[in-house]
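Chemist: The lines below spell out each chain.
There are 2 protein chains.
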Amino acid sequence: MSLLVVGTVALDTIETPFGKAERIVGGSATHFALASSFFNPDIRLVSVVGDDFPEYGMNQFKKKNINLEGLQIKQGEKSFFWAGKYHNDMNSRDTLDTQLNVLATFDPIVPENYRNEDFLMLGNLMPSLQKKVLDQMNKRPKLVMLDTMNFWMDSACDDLMDVLKQVDVLTINDEEARQLSKEYSIIKAAKKIMEMGPRYLIIKKGENGALLFHENQLFFAPALPLEEVFDPTGAGDSFAGGFIGYLSGTNDISFDNMKRAVIYGSAIASFCVEKFGIDRVSELTQKELDERVQEFVNLVQFDIDLMG
Amino acid sequence: MSLLVVGTVALDTIETPFGKAERIVGGSATHFALASSFFNPDIRLVSVVGDDFPEYGMNQFKKKNINLEGLQIKQGEKSFFWAGKYHNDMNSRDTLDTQLNVLATFDPIVPENYRNEDFLMLGNLMPSLQKKVLDQMNKRPKLVMLDTMNFWMDSACDDLMDVLKQVDVLTINDEEARQLSKEYSIIKAAKKIMEMGPRYLIIKKGENGALLFHENQLFFAPALPLEEVFDPTGAGDSFAGGFIGYLSGTNDISFDNMKRAVIYGSAIASFCVEKFGIDRVSELTQKELDERVQEFVNLVQFDIDLMG
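The listed protein sequences derive, respectively, from chains A and B. In this text, residue positions in the first sequence follow our numbering: the first is 2, and each later residue adds one. In this text, residue positions in the second sequence follow our numbering: the first is 2, and each later residue adds one.
Incorrect hints may appear among the rest.
[Unchecked claim] Using 20 Å as the maximum straight-line C-alpha spacing, the simulated PhoX-like pairs for lysine-lysine come out as follows:
(1) Lys276(B) / Lys189(A)
(2) Lys132(B) / Lys143(B)
(3) Lys132(B) / Lys276(A)
(4) Lys276(B) / Lys260(B)
(5) Lys193(B) / Lys206(B)
(6) Lys276(A) / Lys143(A)
(7) Lys206(B) / Lys206(A)
(8) Lys192(A) / Lys166(A)
(9) Lys86(A) / Lys64(A)
[Said to hold, decoys possible] Reference listing, derived: stretches of chain B covered by chain A, where coverage requires no fewer than 3 residues with Cβ under 8 Å from a Cβ of chain A:
(10) 182 to 194
(11) 210 to 224
Hints listed in this document are in silico derivations from the structure and should not be mistaken for laboratory results. Every residue, glycine too, gets a C-beta built ideally from N, C-alpha and C.
One chain only, chain A, in its complex shape:
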């Protein structure tokens, strides 16, 4: 089952306590595509770049056989650019610069032969653009996953609520879940949010893992405790890409398979943070991924006979 991913393809300048990288390849759709390509050989991308987008980024997409028919390349324009600096704890960061460039006028056009996809990942974009992608599909995909952020809750709440009605899986972080639901308790927040549309909800808690909610079911995956987090940029997008990549590659949206997808997503994210940008995931091997998943198994699995 092919997977359509929509989001940003960007250039990032990132400063962490470990170093600085200038104008490297980033963006949500980039991380979705590279992460999901581990599990699904047929990834199709819709995004936009300027003519400054570097060759090595294109080569990475091509190396992973990612279909770029939906990637608009605007001659004479510049790619979306973000610059940020992480604090020492790596859990917070300051945005130093945001240049929308091609994103300011981005009109996501879904190529004709992408319009029957069964799996659709809508990255964090203006909710009206996310809706516009959905509206171009010939049929309702089997699974639609959406990522968003607090900025849209503040500035485009009605549009966001509108698109949420058409979504199966929503992924947000814990603070965003609280903001969206106006509930402090994560359990109460999740119940309220699932009434807004999404039947499945993933609440990301950064270094404290992620919770998957569906009806009365709940699954928790820890983040792997790492000795060093080098660059957290893209971890959430790699997680989401790994998650829907695995679901689409296995063509199984049962809750049990979603648990596995959360673990694979967490594993890919744990690699993403080891180097700047896409460097680590680009070179990742299947063997390394399997070993990392085994570490997750070791981390949480226990064997208990109830005493009662």
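We have chain A already, so just place chain B on it with the hints.
Modeler: Structure of chain B alone, referenced to chain A:
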């Protein structure tokens, strides 16, 4: 295998967003004893109270067959008293009042027939008092577990480092682990702390669960996401009591059994926070505990066949 628990037996006045409870029974040794009594019928307590300690507290201990020979009752004196108020997020609190009372002159005397215990839980007390308990034992216990806090790291660091050399399991929270090790990364912090003496380290992360470290092994248990946390007081002590209660009751200190002990400790802690003080754990049934452990199983267990 009997278990000796040493710590405070206190009166607490607690204010949470859900209400206020005045001069209720609390203290670390109280929570250790009640939690561990689920798994071990032979719990022995060393602590001190004044003559103001209420009958219902004594009755709870007696109901659970906790041996009170080592509980000093100081006539004409008052019990250790603590008053605190939780903020709305329940993750932080202000101490409103601390009256050491009998604790100011507490001299922990281990009764002669407690001195051959195989399992010893040293609650958060002045490190020199923890050492004094250890020095009274006729033989080195099979497992010594110690809880401490940032206050002693600041005010009695040498004594703390001294007692840590004689400890098998240390339990502290993540901020304390960072302070003790001077490392931000929890993995690096754990390695450094295990070089200070403890072969096992439990780092508690509150609502984000707990990590168990031993050599190169690592186990993570989430806290159960709860709809409502009523009163977090004593959750950490209930966790520790459940942990060492389970280890001593099964007389098995293998790493696999420690994983189970972490889960049982987390389960008891998840009940502790549902009511004020000892109210919920006092009325807890084996059936409820088993059901709660099953919820932990459901929360984290997944079934994966590696793809490689």
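Chemist: List in ascending order the numbers of the hints, as given earlier, that are violated by the structure.
Modeler: Numbers 3, 4, 6, 9 - these are the hints that the structure violates, sorted from lowest upward.
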